[in-house]
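Using the working numbering, you'd call the opening residue of the sequence shown number 1 and step up by one each time.
Hints were generated in silico from the structure; no laboratory data involved.
Treat each hint with caution, since some may be false.
[Said to hold, decoys possible] Straight-line alpha carbon distances no greater than 25 Å define the calculated DSS-like cross-link-like pairs of lysine-lysine that follow:
1) Lys84 x Lys171
2) Lys108 x Lys37
3) Lys171 x Lys17
4) Lys37 x Lys113
5) Lys172 x Lys85
6) Lys171 x Lys108
7) Lys85 x Lys171
8) Lys113 x Lys84
9) Lys119 x Lys17
10) Lys113 x Lys171
11) Lys157 x Lys17
12) Lys171 x Lys157
13) Lys172 x Lys84
14) Lys172 x Lys37
15) Lys172 x Lys157
16) Lys17 x Lys5
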Amino acid sequence: PEMEKYTFARREGVVIKSRDGLDLVAYLTLPAGVEPKNLPLVLNVHGGPWARDSWGYDPEAQWLANRGYACLQVNFRASSGFGKKFLNAGNAQWGTGKMQDDLTDAVKWAVSKGYADPKRVCIFGGSYGGYATLAGLVFTPGVYSCGVDIVGPSNLKTLLESVPPYWAPLKKQFTLRIGP
Numbered sequence: 001p002e003m004e005k006y007t008f009a010r011r012e013g014v015v016i017k018s019r020d021g022l023d024l025v026a027y028l029t030l031p032a033g034v035e036p037k038n039l040p041l042v043l044n045v046h047g048g049p050w051a052r053d054s055w056g057y058d059p060e061a062q063w064l065a066n067r068g069y070a071c072l073q074v075n076f077r078a079s080s081g082f083g084k085k086f087l088n089a090g091n092a093q094w095g096t097g098k099m100q101d102d103l104t105d106a107v108k109w110a111v112s113k114g115y116a117d118p119k120r121v122c123i124f125g126g127s128y129g130g131y132a133t134l135a136g137l138v139f140t141p142g143v144y145s146c147g148v149d150i151v152g153p154s155n156l157k158t159l160l161e162s163v164p165p166y167w168a169p170l171k172k173q174f175t176l177r178i179g180p
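Required output: the full structure, derived from the provided sequences and hints.
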């Protein structure tokens with residue numbers, strides 16, 4: 001009840017087609033009281049990557065929208081909750097692979113729909129989202145004007161080498177998912 005006095009940004013579910021035909025479920029949060037055209041955009045990439053964005057109140061998206069940014073959160077291949085085929089489509093696709101293409105395709109979608117100003121796009125995320133931020137800035141620098149990496153690994157070789165002994169059962173899965 002205490003939140004009823006506040007105006008929240010509109011959040012809508014959208015489906016974005018990847019360049020190879022996958023349906024990517026995404027959420028677009030737009031600032032309240034502003035025409036949803038040519039806005040600065042923050043692509044907020046979830047961590048994991050074996051996690052997902054879901055419908056509902058998202059404090060980061062609301063915080064960004066409150067400051068005038070459109071916020072796009074896309075469930076790229078390897079996100080959980082969309083079946084094994086979708087999850088496994090991300091195997092060995094980190095960095096320059098199709099997971100990153102999905103993020104680029106989502107930005108291009110937002111620009112093509114007129115929501116985002118192509119000169120004011122930020123990529124932002126923590127953990128895997130931080131890695132995707134660094135990869136986006138390095139491999140597709142023309143797409144992003146800036147990025148924010150929160151605890152993202154910058155080197156996959158050292159990431160795999162740093163897996164602690166008590167994670168040994170997961171190391172095989174990490175190697176499969178990240179790639180050789």
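Taking the hints in turn, this is what the structure says about them:
no. : hint            : verdict
1   : Lys84 x Lys171  : holds (19 Å)
2   : Lys108 x Lys37  : holds (14 Å)
3   : Lys171 x Lys17  : violated (32 Å)
4   : Lys37 x Lys113  : holds (9 Å)
5   : Lys172 x Lys85  : holds (19 Å)
6   : Lys171 x Lys108 : violated (34 Å)
7   : Lys85 x Lys171  : holds (21 Å)
8   : Lys113 x Lys84  : violated (30 Å)
9   : Lys119 x Lys17  : holds (22 Å)
10  : Lys113 x Lys171 : violated (41 Å)
11  : Lys157 x Lys17  : violated (31 Å)
12  : Lys171 x Lys157 : holds (12 Å)
13  : Lys172 x Lys84  : holds (17 Å)
14  : Lys172 x Lys37  : violated (45 Å)
15  : Lys172 x Lys157 : holds (14 Å)
16  : Lys17 x Lys5    : violated (37 Å)
The structure fails hints 3, 6, 8, 10, 11, 14, 16 (numbered hints given earlier, in ascending order).
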